[in-house]
Amino acid sequence: MKKTRQNYNQNLTIIGAGTAGIMLAHKLKHTGLSITIIDPAEHHFYQPGFLFIPFGKYSLKNLRRPISELLPKGVRHVKESVESIDFDGDSLKTNAGKTISYDTLVIATGTHVDHSMTPGLTDSGWKKDIFDFYTPDGAMALREKLDQFKKGKIVVQIMDMPIKCPVAPLEFAFLADDFFKNRGLRDNVQIEYVTSLSGAFTKPVASEKLGHILADKNIDVTADFYVEKVDSDNNKLICYDGREVTYDLLVTVPVNVGADFLKDLDITDELGFVEVNHHSLQSTEHSNVFAVGDAANLPTSKAGSTAHFEIDTLCENILRQLDGEPLEETFDGHANCFVELGQKKALLLDFNYETQPLEGTFPFAGFGPLKLLKPTRLNHLGKLAFRYIYWYLLLPGRNIPFIHAKMSLKGKKQPQNERVNE
Amino acid sequence: MNKTINGHDVDVDAEGYLTDMEQWNREIAQEIAKELDIDELTDKHWEVIDWLREQKSQGIELNIRKVGNSGVTDIKEFYQLFPGGPLKNASKIAGLNKPTSCL
Chain A
8 MKKTRQNYNQ NLTIIGAGTA GIMLAHKLKH TGLSITIIDP AEHHFYQPGF LFIPFGKYSL
68 KNLRRPISEL LPKGVRHVKE SVESIDFDGD SLKTNAGKTI SYDTLVIATG THVDHSMTPG
128 LTDSGWKKDI FDFYTPDGAM ALREKLDQFK KGKIVVQIMD MPIKCPVAPL EFAFLADDFF
188 KNRGLRDNVQ IEYVTSLSGA FTKPVASEKL GHILADKNID VTADFYVEKV DSDNNKLICY
248 DGREVTYDLL VTVPVNVGAD FLKDLDITDE LGFVEVNHHS LQSTEHSNVF AVGDAANLPT
308 SKAGSTAHFE IDTLCENILR QLDGEPLEET FDGHANCFVE LGQKKALLLD FNYETQPLEG
368 TFPFAGFGPL KLLKPTRLNH LGKLAFRYIY WYLLLPGRNI PFIHAKMSLK GKKQPQNERV
428 NE
Chain B
1480 MNKTINGHDV DVDAEGYLTD MEQWNREIAQ EIAKELDIDE LTDKHWEVID WLREQKSQGI
1540 ELNIRKVGNS GVTDIKEFYQ LFPGGPLKNA SKIAGLNKPT SCL
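Same order as they appear, the protein sequences are chains A and B.
Here our numbering is used: the first residue of the first sequence is 8, the next is one more, and so on.
Here our numbering is used: the first residue of the second sequence is 1480, the next is one more, and so on.
I should point out that these hints are in silico values taken from the structure, not numbers from a laboratory.
C-beta: ideal position from N, C-alpha, C; glycine also.
Careful, some of the hints might be misleading.
Stated by the list, open to error - Below, a sample of chain A positions facing chain B; criterion: calculated Cβ distance under 7 Å:
hint, residue
1, M168
2, V174
3, L204
Claimed, not checked - Below are the DSBU-like pairs computed for lysine-lysine, each with C-alpha atoms no more than 30 Å apart in a straight line:
hint, chain 1, residue 1, chain 2, residue 2
4, A, K135, A, K152
5, B, K1545, A, K171
6, B, K1482, A, K420
7, B, K1535, A, K236
8, A, K270, B, K1577
9, A, K210, B, K1545
Can you build the whole structure from these sequences, using the hints too?
This is the structure:
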């Protein structure tokens, strides 16, 4: 953030005390703005940890903190949910009937899974043979199920894009392979990955370098499979073109949608994600409304790292808008994530709107110490350590050393035959 | 990467998707459709292709659900029009990038 003025006196209202909302409150606490954050939740969860819960690692207690402890002093937390927004009157109403006026509104309500979007998903098989791991309850229920699962076919399946943390289902499949190997049961358990996309890997360099991992781990892939309905009496997924996939245990990633109160507003797309300028994060409908993180309809990964890289652009633009200045269009779609591969190895990805995940070194060109797009033990340790970085650096809005908001091409290996403007 | 499709020079990625949607025309579409074993593009095909291009030109990311809600076609018909993988095949014919995840 370039602006340093500390005597703003306007009201900033943030809806959502997730990763983006809490970071934003910290980043703007010295500007003088009067900050209100609205979220009915008591606790904030470290959501990347949900992936490990079904495999008996972590407990929910390890992954959550009271929101009150995470917010900076002076920020008002309204523990209610938003019911409606009056964009012309710059105010909103909560479920408890409170009216809150704002000068600037930031929507940071994230995304959640909506089981009701797929016919049959919550019929007789729900929580019996069908589970998801994107909610604390879902992850815990699946933990119990996996612990008893000795034999049969597990299908890890994605309903539709976009989803939060797009690599999580693939990581789940890898960790499941590990889990049953460690229990000596892998020969009795078949694992199939089913996706609406063209394959488990969809980007050229990643496909070429990593495509073999699935075969190596004996994970079957069914691609271009868009589920029309779940027949849970017969444990079958049915695709719109008539293909069927059977399962004994279905681990699904249901359709991801935005917050309920956003769905029918003219500022969102049909899944309820706020339509924003992809580089400035300003709503395309209202100049004093912004969206950040998973709640925005940005064509990049829905992930905490993306929200983190958006924050500087967002803070600067909130203040510029209040000062009546033109906004800066600096967000480049940057995302960075560790991908757990099992057997204590992980990959690291670093990419943006323009550049696909490439091989190379990170964060220092030529040195690393982390290697991009290569399975290493250090990346795995990085993934585990990230939980501490998240609580102590990322959420409080501190800078993470050597990690920059703009993606750098330095240290990245360009694929042949492709020119990239550096 | 360069490719000549029906006499037109276009830039494509490693899998043959156009990298610049402005280089596209209907003759190119027909040729790509043939490569994908779709012999004839019917009025319905064109309606879907035009809709996809219009969405993309507005910067909207596409997914199958959006096509299903477009009013132009439904998902079942979308699979019939562009068998195998409707969104990836329709995108390719429409001169658009491949629908991808982050990896």
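Outcome of the hint check:
Hint status for M168 of chain A relative to chain B: holds, with the closest Cβ pair at about 5 Å, below 7 Å. Of the supplied interface hints, the one on V174 of chain A holds, with its beta-carbon coming within about 6 Å of a beta-carbon of chain B, less than 7 Å. The beta carbon of L204 of chain A comes within 6 Å of a beta carbon in chain B, closer than 7 Å, and the hint placing it at the interface holds. Distance hint between K135 of chain A and K152 of chain A is fulfilled; the C-alpha atoms sit about 8 Å from each other, no more than 30 Å.
About 18 Å separates the Cα atoms of K1545 of chain B and K171 of chain A, which keeps this hinted pair within 30 Å; it holds. Taking the CA atoms of K1482 of chain B and K420 of chain A, the gap is near 24 Å; set against the 30 Å cutoff, the hint holds. Taking the CA atoms of K1535 of chain B and K236 of chain A, the gap is about 28 Å. The hint holds against a cut of 30 Å. For the hint pairing K270 of chain A with K1577 of chain B, the CA-to-CA distance comes to about 27 Å; that is within 30 Å, so the pair holds.
A threshold of 30 Å between alpha carbons decides the hint, and for K210 of chain A with K1545 of chain B the separation of about 22 Å falls inside it, so the pair holds.
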